[in-house]
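Peer 1: So you can see what is in the structure, the chains are spelled out below.
Protein chains: 2
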Amino acid sequence: MVAGPRRRGAALVKALHSAVLEELDEVGLGRLTMDGIARRAGTARTTLYRRWANPGELLLSAIGEAYPVEEPSPVAGELRADLIRSLELLVEWARHPTARAVQAILAERRAHPELAARLDELFDASGRRFTATVLDHHARLGTIAPGSVTPLVENLGEAMVVKHWIDVGREPDREYLVQIVDQLILPVLGDRSAVAGPCAGP
Amino acid sequence: MVAGPRRRGAALVKALHSAVLEELDEVGLGRLTMDGIARRAGTARTTLYRRWANPGELLLSAIGEAYPVEEPSPVAGELRADLIRSLELLVEWARHPTARAVQAILAERRAHPELAARLDELFDASGRRFTATVLDHHARLGTIAPGSVTPLVENLGEAMVVKHWIDVGREPDREYLVQIVDQLILPVLGDRSAVAGPCAGP
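Respectively, the protein sequence lines represent chains A and B. Taking the working numbering, the leading residue of the first sequence gets 12, the next gets one more, and so forth. Taking the working numbering, the leading residue of the second sequence gets 12, the next gets one more, and so forth.
Derived from the structure by calculation, the hints contain no laboratory data. Treat the hints with caution; some may be incorrect.
Said to hold, decoys possible - Quick list of the computed label-pair ranges, beta carbon to beta carbon:
| hint | chain 1 | residue 1 | chain 2 | residue 2 | range |
| --- | --- | --- | --- | --- | --- |
| 1 | B | 181 | A | 68 | 43 to 53 Å |
| 2 | A | 60 | B | 131 | 25 to 35 Å |
| 3 | A | 176 | B | 103 | 17 to 27 Å |
Stated by the list, open to error - A short, non-exhaustive set of chain B residues, derived as facing chain A with CB atoms under 10 Å:
| hint | residue |
| --- | --- |
| 4 | 78 |
| 5 | 114 |
| 6 | 132 |
| 7 | 133 |
| 8 | 152 |
| 9 | 182 |
As the structure is a prediction and not an experimental result, all values here were calculated from the model. From the three backbone atoms N, C-alpha and C, an ideal C-beta is built for every residue, glycine too.
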């Protein structure tokens with residue numbers, strides 16, 4: 012138990028978010044308890060139960076708090092820059108401790124199906140996949156044909172970044188993100204200006 | 012030690028491949044030993060050393076043996092069918108115990124960098140990514156523009172299948188593989204016949 016000044020509101024929530032993430036790294040998803048998190052945060056278990064029903068809800072709250080929001084440019088000409096920025100946001104987020112928490116939940120999906128389902132809801136509420144918010148925005152602006160933004164197209168950027176991690180064991184550099192946008196996402200959307208191909212204009 | 016008839020040649024290699032995969036599932040990559048594998052296979056450690064220098068080489072031999080080879084159609088009109096078949100081959104291979112071995116090596120890349128590097132060599136020799144052999148073949152036939160087959164394009168199909176596994180926790184069905192080909196790979200190659208988009212013909 013850590014003695015300290017009494018924390019309230021945002022400061023308390025922040026401390027509890029840190030505590031659940033540290034506890035997760037140390038004991039793993041299957042052994043998270045309200046007791047353990049409370050002890051680590053130096054607070055009473057009842058304080059946790061006032062806001063969250065169980066350790067999973069507290070963990071989801073930490074994940075939601077750190078999950079970034081894409082902010083597409085208001086102008087139509089910025090599709091390419093917005094897509095690159097979305098993928099940079101993904102790479103930045105992946106350095107945050109909550110990215111490890113997401114990985115843990117997905118890896119142990121069978122053992123914790125209800126937590127994985129709640130995580131899916133959280134992603135849906137936060138704009139689904141990285142690049143999806145940008146794609147929807149530019150479809151509304153008319154930069155891209157609305158029908159071309161399918162769930163698979165929305166998942167393409169994330170899939171290539173995640174695959175890079177698996178194959179190479181480290182985060183992709185900016186040049187790789189640019190290639191994902193120029194060689195894959197823009198061509199799939201029907202914008203072949205970035206690559207040579209049969210659809211490219213003269 | 013399992014007593015049994017003396018095995019030679021292909022039968023012996025097959026038994027040792029099974030033994031290394033079982034041993035991996037039980038003790039993990041970091042604790043594979045020639046002793047443990049030999050004991051499991053009911054053979055002498057010297058028998059293993061006659062062919063392989065260490066447990067990693069024996070594991071790579073098992074992975075290489077089970078790794079499937081894509082066989083593209085000799086005719087030009089079969090690009091779409093060949094791509095779907097490549098992704099089906101990937102999903103089938105992923106059910107094999109050596110797919111878990113590949114996953115283990117990639118996940119522990121930092122602890123076993125030399126093994127991960129040898130795995131990359133093995134993939135390069137086996138046609139790199141799933142779909143790459145098919146893409147190269149059809150580029151030679153002239154079905155697709157040679158410049159459109161970049162390393163990222165070659166990795167696209169695998170990336171979408173792997174991402175599906177991570178997101179959903181189970182293998183994709185055939186319909187999903189067809190969508191990967193129709194909504195992503197063919198459009199990226201400049202074939203927009205499968206989707207509505209600004210490049211599609213009348």
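Peer 1: Each hint: holds or not?
Peer 2: Status of the hints after comparison with the structure:
| no. | hint | result |
| --- | --- | --- |
| 1 | 181(B) / 68(A): 43 to 53 Å | violated (25 Å) |
| 2 | 60(A) / 131(B): 25 to 35 Å | violated (50 Å) |
| 3 | 176(A) / 103(B): 17 to 27 Å | holds (24 Å) |
| 4 | 78 | violated (16 Å) |
| 5 | 114 | holds (9 Å) |
| 6 | 132 | violated (14 Å) |
| 7 | 133 | violated (13 Å) |
| 8 | 152 | violated (15 Å) |
| 9 | 182 | violated (14 Å) |
Violated hints for the displayed structure, listed by number in ascending order: 1, 2, 4, 6, 7, 8, 9.
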